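Protein chains: 2
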Amino acid sequence: MANNISGFLELLPADRRVEAEITDTFRHVAKLHGFQEIETSAVQTTNSLLQKGETSKEIYALTRLQQYFADNSAAHVQDSELPKHSLRFDLTVPLSNYVRTNANELVFPFKVFQIQKVWRGERPQKGRFREFTQADIDIVCKNIMPEHFETEVPKVLLKILAELQKVGVPKAQMHINDRRLLEAYYKLIGIKDVAIVMQVIDKLDKIGAQKTDEMLSEIGLGADKTAKILDFSAIIAHSKQEFMQKVQEFVTKHGMQETDELLYEVERLGDKLDAITADGFDAVIDTKIARGLDYYTGIVFETFINGHEKFGSICSGGHYEKLIALGKDSYPGIGLSIGITRLMSFLIDNADSELQQKASPADVLVLVNSESTRNASDDLAKTLRSRQIATDVCPFSDKFGKQIRYAEKLGIRYCWFVGENGAGLGNDSGNDSGNDSVKDIVTGEQVPADRNIWSVKAETEVIER
Amino acid sequence: MANNISGFLELLPADRRVEAEITDTFRHVAKLHGFQEIETSAVQTTNSLLQKGETSKEIYALTRLQQYFADNSAAHVQDSELPKHSLRFDLTVPLSNYVRTNANELVFPFKVFQIQKVWRGERPQKGRFREFTQADIDIVCKNIMPEHFETEVPKVLLKILAELQKVGVPKAQMHINDRRLLEAYYKLIGIKDVAIVMQVIDKLDKIGAQKTDEMLSEIGLGADKTAKILDFSAIIAHSKQEFMQKVQEFVTKHGMQETDELLYEVERLGDKLDAITADGFDAVIDTKIARGLDYYTGIVFETFINGHEKFGSICSGGHYEKLIALGKDSYPGIGLSIGITRLMSFLIDNADSELQQKASPADVLVLVNSESTRNASDDLAKTLRSRQIATDVCPFSDKFGKQIRYAEKLGIRYCWFVGENGAGLGNDSGNDSGNDSVKDIVTGEQVPADRNIWSVKAETEVIER
Chain A
1 MANNISGFLE
11 LLPADRRVEA
21 EITDTFRHVA
31 KLHGFQEIET
41 SAVQTTNSLL
51 QKGETSKEIY
61 ALTRLQQYFA
71 DNSAAHVQDS
81 ELPKHSLRFD
91 LTVPLSNYVR
101 TNANELVFPF
111 KVFQIQKVWR
121 GERPQKGRFR
131 EFTQADIDIV
141 CKNIMPEHFE
151 TEVPKVLLKI
161 LAELQKVGVP
171 KAQMHINDRR
181 LLEAYYKLIG
191 IKDVAIVMQV
201 IDKLDKIGAQ
211 KTDEMLSEIG
221 LGADKTAKIL
231 DFSAIIAHSK
241 QEFMQKVQEF
251 VTKHGMQETD
261 ELLYEVERLG
271 DKLDAITADG
281 FDAVIDTKIA
291 RGLDYYTGIV
301 FETFINGHEK
311 FGSICSGGHY
321 EKLIALGKDS
331 YPGIGLSIGI
341 TRLMSFLIDN
351 ADSELQQKAS
361 PADVLVLVNS
371 ESTRNASDDL
381 AKTLRSRQIA
391 TDVCPFSDKF
401 GKQIRYAEKL
411 GIRYCWFVGE
421 NGAGLGNDSG
431 NDSGNDSVKD
441 IVTGEQVPAD
451 RNIWSVKAET
461 EVIER
Chain B
1 MANNISGFLE
11 LLPADRRVEA
21 EITDTFRHVA
31 KLHGFQEIET
41 SAVQTTNSLL
51 QKGETSKEIY
61 ALTRLQQYFA
71 DNSAAHVQDS
81 ELPKHSLRFD
91 LTVPLSNYVR
101 TNANELVFPF
111 KVFQIQKVWR
121 GERPQKGRFR
131 EFTQADIDIV
141 CKNIMPEHFE
151 TEVPKVLLKI
161 LAELQKVGVP
171 KAQMHINDRR
181 LLEAYYKLIG
191 IKDVAIVMQV
201 IDKLDKIGAQ
211 KTDEMLSEIG
221 LGADKTAKIL
231 DFSAIIAHSK
241 QEFMQKVQEF
251 VTKHGMQETD
261 ELLYEVERLG
271 DKLDAITADG
281 FDAVIDTKIA
291 RGLDYYTGIV
301 FETFINGHEK
311 FGSICSGGHY
321 EKLIALGKDS
331 YPGIGLSIGI
341 TRLMSFLIDN
351 ADSELQQKAS
361 PADVLVLVNS
371 ESTRNASDDL
381 AKTLRSRQIA
391 TDVCPFSDKF
401 GKQIRYAEKL
411 GIRYCWFVGE
421 NGAGLGNDSG
431 NDSGNDSVKD
441 IVTGEQVPAD
451 RNIWSVKAET
461 EVIER
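Residue numbers (this note's numbering), protein chains in the order written: chain A, 1 to 465; chain B, 1 to 465.
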């Protein structure tokens with residue numbers, strides 16, 4: 001991991017190989033579920049980005065370098081104006097623009113995913129970068145969103161996270177909540193401006209109960225309401241049954257009477273949890289999840305790595321009813337996003353060091369006996385590649401010890417010695433591998449090998465993953 | 001194909017699916033040859049980008065939007081200074097910065113590829129965009145570059161182009177030349193500033209012989225030299241033998257005497273052509289290929305789609321001896337690049353319309369009998385996905401005719417009817433597919449199907465590709 005410029009992460013090849021496996025897994029599972037891949041433009045109109053005002057200070061605006069070389073007067077005319085174009089800071093606003101631009105060409109419900117970079121000019125800190133990769137999955141509907149999407153989309157993300165365990169991502173648990181549930185409860189306890197309370201509760205995990213208490217007092221809530229909010233935020237449930245029971249106990253304890261609206265929302269969220277966990281996924285209802293962004297209107301999600309909850313959510317999102325509108329049509333949707341760069345920074349800091357050892361995608365390095373017989377090594381590589389075995393040829397023909405060290409440094413496990421039959425006869429006898437042998441540089445074992453049938457051993461694959 | 005902002009292309013899902021197949025193919029072949037994937041930062045220091053001065057006017061500089069909201073005086077202080085950071089306009093300068101930053105961590109020769117976006121603020125025109133994807137393959141060496149890389153890298157690119165025929169990219173021919181050959185020839189005919197002549201010759205394809213002639217006169221060359229340059233630029237050869245013969249005939253015709261230097265370069269380039277074409281790839285020596293960028297110092301490449309030479313090169317590059325330096329070490333390298341976005345714009349304009357028909361990656365749409373039996377359809381989809389068959393479930397449970405039209409619009413060929421056994425018994429009988437049937441909406445054929453053994457027919461795969 002190195003920074004060319006502060007805040008702009010560039011991964012070394014071995015780490016990048018892991019990151020690419022993560023995004024490949026994401027794409028594979030998303031496509032397996034019929035999601036369409038799009039790429040939106042990094043450059044969006046500044047106006048469309050500013051509609052989500054709270055992040056405006058983090059936006060990178062674009063100007064033409066040319067204007068700085070022009071005469072000063074011309075440059076200064078432009079300076080006073082807001083630049084028309086800026087870099088996206090998330091993938092949701094560009095998706096919203098994309099749907100509006102292409103509404104007549106797309107098929108709704110539009111099941112879509114994007115894996116792309118976003119930029120934020122915020123001060124760099126541990127695990128936070130100015131350029132980072134997000135992987136988003138959304139279903140955007142026209143006017144009405146079927147409720148079953150609220151469980152289908154998180155299940156796709158949980159399936160992806162399950163598959164990611166194969167590349168070293170630890171197990172994670174999804175925490176779900178519903179803003180409509182919070183609204184029903186806040187109404188019950190007599191709170192008028194529920195949006196502000198949600199914004200405070202959203203920070204609970206970061207700032208702690210003490211500070212949250214203070215902030216709730218600051219916005220004018222008495223001790224009783226503050227306590228009722230904080231107590232309710234502590235409910236965790238692993239099933240609909242447990243959730244209904246806990247809420248029942250909670251209202252009884254506080255001497256309140258459940259409203260029909262609250263009961264409806266409790267059951268609805270409970271049903272969704274049961275639908276999500278029915279496939280064996282790990283998810284809980286967590287009533288302190290609120291999501292700060294004001295475009296979420298229904299179910300919301302955050303996901304924490306087991307034992308590393310303090311690291312924060314690696315996969316978040318929710319249902320947005322009114323984010324996208326065009327003429328008289330609205331486009332409600334639901335989306336979840338994995339912070340790929342954050343996840344990579346977690347893995348680099350926490351995973352075992354093996355992660356960073358394999359720079360080359362090759363499984364085999366073909367050694368070169370001498371420059372005059374390089375052809376024979378090239379031919380061998382060609383045969384292995386035609387059998388889909390990733391193969392490199394040693395770029396130099398120094399002593400074998402040096403060639404093997406080159407393989408070691410790149411994390412290439414198998415070194416192929418081209419036998420005299422092959423090498424001696426050069427190009428013409430590409431298929432004669434009577435004298436070939438392969439050294440496994442992990443075990444040190446060297447055995448005869450036939451280029452037409454040899455393969456990376458099954459047990460190796462387990463180790464490599 | 002739609003533009004949210006002029007010059008910033010956003011592909012519709014069906015076109016994006018083709019583009020992703022192109023980049024997937026590129027990655028697969030590059031990895032099969034042992035190239036390491038990296039991603040460099042989109043944001044580079046303006047200074048490092050300006051070192052390639054000729055494109056300075058096209059660079060997008062970054063400023064913080066924040067400064068426009070600050071008080072005017074503060075903003076204007078910054079205005080007079082050149083922004084420190086800008087967006088990359090190619091992948092070579094970022095690679096050069098990456099190598100310098102990580103020189104101690106990388107293994108040289110560093111075999112590397114990048115598939116990433118670049119930005120240029122030039123006026124949008126047909127086939128030219130302000131944001132576009134480049135796919136680069138490079139080998140960067142430390143101090144000395146083995147000559148065999150000059151044939152190995154173009155062969156990897158030709159292999160990629162051959163594989164791309166499966167996704168509809170037409171056959172292409174690589175044109176190679178060597179700047180050292182041009183230098184040797186220009187010296188022979190008494191030209192001093194060979195760099196300027198190369199820059200003019202580089203434009204020959206675009207501006208034609210007449211205009212080139214005028215430009216050569218303008219830089220002070222007489223009619224004799226101009227004719228000798230233009231005549232030499234017309235040589236095309238398909239083998240070393242043909243090239244040597246044509247050059248011999250050429251010098252004789254013009255009453256000149258080949259120098260040792262020229263002969264050496266002719267033989268060297270001829271050997272490289274023969275090495276490249278030995279594997280059956282289509283390549284020719286084309287002495288008018290010069291490449292405008294001044295960092296190329298040796299062999300250079302351009303590649304043209306057969307019958308569409310006027311479209312320009314889709315895959316270009318060359319050998320750069322001195323682009324990257326750090327302390328007393330130099331990092332010579334060779335790189336070739338495919339313009340993915342340009343290639344896509346060609347395919348969209350020229351390929352048959354089938355290309356744009358399949359938006360969804362799914363092969364199967366599972367129909368839904370009613371919302372109350374959606375579980376049965378979900379279960380079926382789960383089984384198919386576990387068998388790696390990309391599967392969507394119809395988001396609504398309207399009449400089958402409407403569900404089938406949804407599949408048609410998305411380009412999903414197979415519609416799966418969940419039989420009564422499955423649907424009626426719901427979740428519990430996921431494996432009982434006695435009554436299931438599948439309709440091929442291309443042939444109209446509908447046949448019974450077992451979810452545990454059904455697969456997309458082999459002949460379909462051929463059609464779909």
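Since the hints were made in silico from the structure, they are not lab data. Since the structure is predicted, the reported quantities are computational estimates derived from the model, not experimental observations. Please note that a few of the clues may not be correct.
The list makes no distinction among identical chains, and a pair is therefore deemed to hold if it is satisfied within one copy or across any two copies.
[To be verified] Here are the simulated lysine-lysine pairs, BS3-like style, with alpha carbons at most 27 Å apart: (1) Lys-240 to Lys-382; (2) Lys-31 to Lys-166; (3) Lys-211 to Lys-409; (4) Lys-240 to Lys-358; (5) Lys-187 to Lys-409; (6) Lys-142 to Lys-166; (7) Lys-142 to Lys-399; (8) Lys-409 to Lys-142.
Here is what the structure says about each hint:
{"no.": "1", "hint": "Lys-240 to Lys-382", "in the structure": "between (58 Å within a copy, 24 Å between copies)"}
{"no.": "2", "hint": "Lys-31 to Lys-166", "in the structure": "both (19 Å within a copy, 20 Å between copies)"}
{"no.": "3", "hint": "Lys-211 to Lys-409", "in the structure": "neither (50 Å within a copy, 53 Å between copies)"}
{"no.": "4", "hint": "Lys-240 to Lys-358", "in the structure": "neither (45 Å within a copy, 40 Å between copies)"}
{"no.": "5", "hint": "Lys-187 to Lys-409", "in the structure": "neither (63 Å within a copy, 45 Å between copies)"}
{"no.": "6", "hint": "Lys-142 to Lys-166", "in the structure": "neither (37 Å within a copy, 36 Å between copies)"}
{"no.": "7", "hint": "Lys-142 to Lys-399", "in the structure": "between (66 Å within a copy, 19 Å between copies)"}
{"no.": "8", "hint": "Lys-409 to Lys-142", "in the structure": "between (53 Å within a copy, 16 Å between copies)"}
Consistency note: the structure conflicts with the earlier hints numbered 3, 4, 5, 6.
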